[in-house]
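Enquirer: Sequence:
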Amino acid sequence: ELPPVTAEKDAAVAGQADGGDAAMASETEETPERKDAAVVAAAVAIFERLQAENESAEEVSQGRLLTALHADPLVSEYLENEGQAALAALQSEDESSPVSLRQLCGAFGIDAAQLSEA
Numbered sequence: 009e010l011p012p013v014t015a016e017k018d019a020a021v022a023g024q025a026d027g028g029d030a031a032m033a034s035e036t037e038e039t040p041e042r043k044d045a046a047v048v049a050a051a052v053a054i055f056e057r058l059q060a061e062n063e064s065a066e067e068v069s070q071g072r073l074l075t076a077l078h079a080d081p082l083v084s085e086y087l088e089n090e091g092q093a094a095l096a097a098l099q100s101e102d103e104s105s106p107v108s109l110r111q112l113c114g115a116f117g118i119d120a121a122q123l124s125e126a
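The sequence shown runs 9 to 126 under my numbering.
Hints are computed from structural coordinates only; laboratory data are not their basis. There could be a bad hint or two in this list.
Here are the simulated distance ranges between beta carbons [as the list claims (entries may be wrong)]:
1) Glu88 with Arg42: 12 to 22 angstroms
2) Glu63 with Arg42: 31 to 41 angstroms
3) Leu123 with Leu74: 14 to 24 angstroms
4) Arg42 with Glu103: 23 to 33 angstroms
Result set (DMTMM-like, lysine to aspartate or glutamate): computed pairs, CA atoms no more than 20 angstroms apart in a straight line [what the hints assert, rightly or not]:
5) Lys43 with Asp119
6) Lys43 with Glu88
7) Lys43 with Glu90
8) Lys43 with Asp80
9) Lys43 with Glu85
Note that beta-carbon positions come from the ideal geometry of N, C-alpha and C, so glycine has one too.
Starting from the given sequences, assemble the full structure and let the hints guide the process.
Expert: Below, the structure is given as structure tokens:
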């Protein structure tokens, strides 16, 4: 036979469930900073993937980078809505012109040194 459940125990269990749900909800809510960080992380990952494909130490072509950025739903949505300045900073007349990680970070308004800290 199971021992009777006390009101105190119920409250403790409810508090744990509540606290867990609240913590989960706050993790999934996208604050502007968190969304921007996710966009930058995605953009950097795309850059690094292209860099590896190119076997280039420092840069990737602007055309390939912009195509890949637009192919990513999160980054593409950001560029279309809030990221007009970032897009303008990355674009130039010549699509084959190289873009460095520092330029990419600058376009998104972060210092490349911050990446190594993250």
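Enquirer: Each of the hints needs a verdict: does it hold here or not?
Expert: How the hints compare with the structure:
As the Cβ distance of Glu88 to Arg42 is approximately 19 angstroms, the hint placing it in 12 to 22 angstroms holds. Our hint of 31 to 41 angstroms for Glu63 and Arg42 holds, since their Cβ atoms are close to 33 angstroms apart. In this structure the hint that Leu123 and Leu74 lie 14 to 24 angstroms apart at CB holds, the actual value being about 20 angstroms. One distance hint, 23 to 33 angstroms for the beta-carbon pair Arg42 and Glu103, holds here, with the actual separation near 32 angstroms.
Pair hint Lys43 plus Asp119 holds up; C-alpha atoms about 17 angstroms apart against a cutoff of 20 angstroms. Proximity of Lys43 to Glu88 is assessed by CA-CA distance (about 14 angstroms); at most 20 angstroms being required, the pair is judged to hold. With a CA separation close to 11 angstroms, the supplied pair Lys43 and Glu90 stays within the 20 angstroms bound. Proposed proximity of Lys43 and Asp80 is supported: the alpha carbons are some 14 angstroms apart, at most 20 angstroms.
The hinted pair formed by Lys43 and Glu85 meets the criterion: a straight-line CA distance of about 11 angstroms does not exceed 20 angstroms.
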